[in-house]
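Each protein sequence line maps, in turn, to chains A and B. Those letters in the first sequence? Residues 1 to 356, by this note's numbering. Those letters in the second sequence? Residues 1 to 285, by this note's numbering.
Watch out, some of these pointers could steer you wrong.
[Claimed, not checked] List of simulated lysine to aspartate or glutamate pairs, EDC-like, C-alpha gap at most 20 Å:
#, chain 1, residue 1, chain 2, residue 2
1, A, Lys104, B, Glu58
2, B, Lys255, A, Glu32
3, A, Lys88, A, Glu32
4, B, Lys255, A, Glu122
[Claimed, not checked] If you want a taste of the chain B side facing chain A, the calculated C-beta under 10 Å gives, among others:
#, residue
5, Pro100
6, Glu109
7, Ala115
8, Leu129
9, Val132
10, Thr213
11, Pro240
12, His256
13, Ala261
14, Thr275
Everything labelled a hint here was simulated from the structure, so no lab data went into it. Even for Gly, the Cβ is constructed at its ideal location relative to N, Cα and C.
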Amino acid sequence: MNLLEHESKQLLSASQIPVPLGKILTKDQVQEVSLPAVLKSQVPTGGRGKAGGILIIDTQEKLEEAAKKLFNLEIKGHLPQVLLAEEKLAIARELYLSLLIDRKTSSLKLIAHTNGGVEVEENKDFASWLVDYSKPDINTLGQALAEYFILEDKTFVLQDLIENLITCFKQNDATLIEINPLVVTEDGKIIAGDCKMTLDDAAAFRHPEWNFEAKTAEVNFVTINPEGNVATIANGAGLAMATVDAAYDAGLIPANFLDIGGGANTESLLKAFNKIIEYPNVQAIILNVFAGITRADEVARAIVEAQKSISNLPPLFIRLTGTNSDEAKEILEKNQIQMLPNLESCLKAAKESIDA
Amino acid sequence: MPNLFEGKNVIVQGITGAHGQFQTKAMLKAGTNVVAGTTPGKGGQSIENLPVYNSIQELQEDFQVDISVIFVPAPFAKSAIIEAIDAQIPLIITVTEGIPLHDMLQVYERLQKSATSTLLGPNSPGALLPGVNKLGIIPTAFSKPGTVGIVSRSGTLTYETMAGLSEKGVGQKYVIGIGGDMIHGLGYQACLQLFQDDPDVDQIVMIGEIGGTEEIDAALFIKNHVTKPVYSYIAGHHAPTGVQLGHAGAILGSKHESAAAKTRVLKVSGAKTATSITELISLVK
């Protein structure tokens, strides 16, 4: 799950990483802030500065007007619930620093660049260091970073920063902490100017304290094209992806990806159908289930039950094979639901029904 | 290196759980030599007439162990895998899904220091050697003994391909799911090497997904080290960027992690690529 800037900074601050002094403003409570201040829209997306989501305020009169503007400014489809008002830093340098889980090496990686700020993605030649998970060599990392940033006089400060960053990363089950810019102020302080943090949803069970604006991401039901003309349901992530691929290739426009998992039952199908009927253009549903561990007859019963309770359901094109598929066929046919022999025939029939 | 998948004595960690119990029964039915299991605090019980121990250490006083299959719930899976590594079990297969990444980082560190253990998974359906060994949850009913080696990141897609091949009379020597998580043990490369070295294998099927770059590395390995025909399919050609699709590892980060990019690299590396499972099945002879 991706945190908002103010949530990320709260976690940084709790790990003794310096962040600008700040205040959260809500719609009903735009309180006084110390001036000059930077007012930042708290939306879960990048490119916020370019979209006009960050405003500098130098008088209290301007605060209310600016806040109103930001609360009504939609950025990439997101409206902020809160704003962050921060002290305006006297910036000498803007650097880049991040810590993440590197897939290729299955370890932690510290990444830095001397050129931080909004254009960071255009940078090449990032410096990076692998970090030992259990015994990170803080001293060496801090020294290397100080040399890289040409901040040798701040070696101790950077060693502390790295140590705290690793602690923050581990304590919060983070998969990414990106501090950009890492600001060096005119009076030589090192402060996290902005921060992006991603936490591992799989670790939610050991973090009862997690209470963020973003909720644990729904990974099994994903909208691909809200205007799509066909909905897809499959069991297993790979099969669900393959079903979407095949639908495209057949000339259909899939609205969604849905991995209904091993336990395809009436309840989970009902939930899926209820989401699907919200898509305005969906005229057919492709159900592609390979019952390996699940039993096809149970899935068939679930389909019959779920279909009965939704009146405006688009036609179903079902491919259901695997364990007990003969029983499944019998159950479906008894309820005037057709079962097709393979995915291709489902897609073909769906296309014909939509084009008709 | 002896063939780890042909190991004889198999144990189940988490044998008393609903999943562990059900799958132990299925493995026994398929002829796998499951000898015992563990669940902390449940030592002395028995499941399917097999003895249950509190720990692997206790179990090893009575049995020599070649393979452990883990069904322990995600919050305790890290300890279970590390216990198996410490017990020097040669092949550790983790079926458990949803293990936090930080736990897997620690497991990975231990694994790198271990000279004796290989991990398959987590979030893996395991491995099936039709007629020889069922290690995990891959349903045997749709398999057929033969000479194809299948390696995949996805469970159901593997079953589907295996079933399609069996139906047209093409049997399998190995069906291996490496798991859908970002951090895992055994990868494509090790499986491709196994298939290349095994004289019984004459064709290879490799199924991939969006996210990460493992398929790209595998393609380079195919180019340089694999002489047997490789057929491949990458799922997720129409996946949106930055959104996780089911599997924790299936998230399209950058362009070179896309299904199209991976398919392209596999193709120039000499693999025959398909754009759907149906095509994949039809390619294999």
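So, going through the hints one by one against the coordinates:
With a C-alpha separation of about 36 Å, the suggested pairing of lysine 104(A) with glutamate 58(B) is violated against the 20 Å cut-off. A threshold of 20 Å between alpha carbons decides the hint, and for lysine 255(B) with glutamate 32(A) the separation of about 45 Å lies outside it, so the pair is violated. For a cut-off of 20 Å, the pair hint linking lysine 88(A) to glutamate 32(A) stands: about 15 Å separates their Cα positions. Only pairs whose Cα atoms come within 20 Å are accepted, and lysine 255(B) paired with glutamate 122(A) is accepted, the gap being roughly 15 Å.
At a threshold of 10 Å, the smallest CB-CB gap from proline 100(B) to chain A is about 4 Å, leaving the interface hint in force. Satisfaction of the interface hint for glutamate 109(B) is found here, the shortest Cβ-Cβ separation to chain A being roughly 6 Å, below the 10 Å cut-off. A least Cβ separation of about 18 Å between alanine 115(B) and chain A goes past the 10 Å threshold, and the interface hint is therefore violated. The beta carbon of leucine 129(B) comes no nearer than 17 Å to any beta carbon in chain A, farther than 10 Å, and the hint placing it at the interface is violated.
Among the interface hints, the one on valine 132(B) is violated; its C-beta lies about 19 Å from the nearest C-beta in chain A, farther than the 10 Å criterion. For threonine 213(B), the shortest C-beta to C-beta distance to chain A is roughly 7 Å, which falls under 10 Å, so the interface hint holds. Using the Cβ-Cβ criterion of 10 Å, the hint placing proline 240(B) at the interface with chain A is satisfied: the shortest such distance is roughly 6 Å. With 10 Å as the threshold, the beta carbon of histidine 256(B) stays out of range of chain A, its nearest partner Cβ sitting at about 12 Å, so the hint is violated.
A distance limit of 10 Å between C-beta atoms decides the matter here; for alanine 261(B) the minimum to chain A is near 15 Å, and the interface restraint is violated. Taking 10 Å as the C-beta cut-off, the interface hint given for threonine 275(B) holds, the closest approach to chain A being about 6 Å.
In this structure, the hints that do not hold are numbers 1, 2, 7, 8, 9, 12, 13, in rising order.
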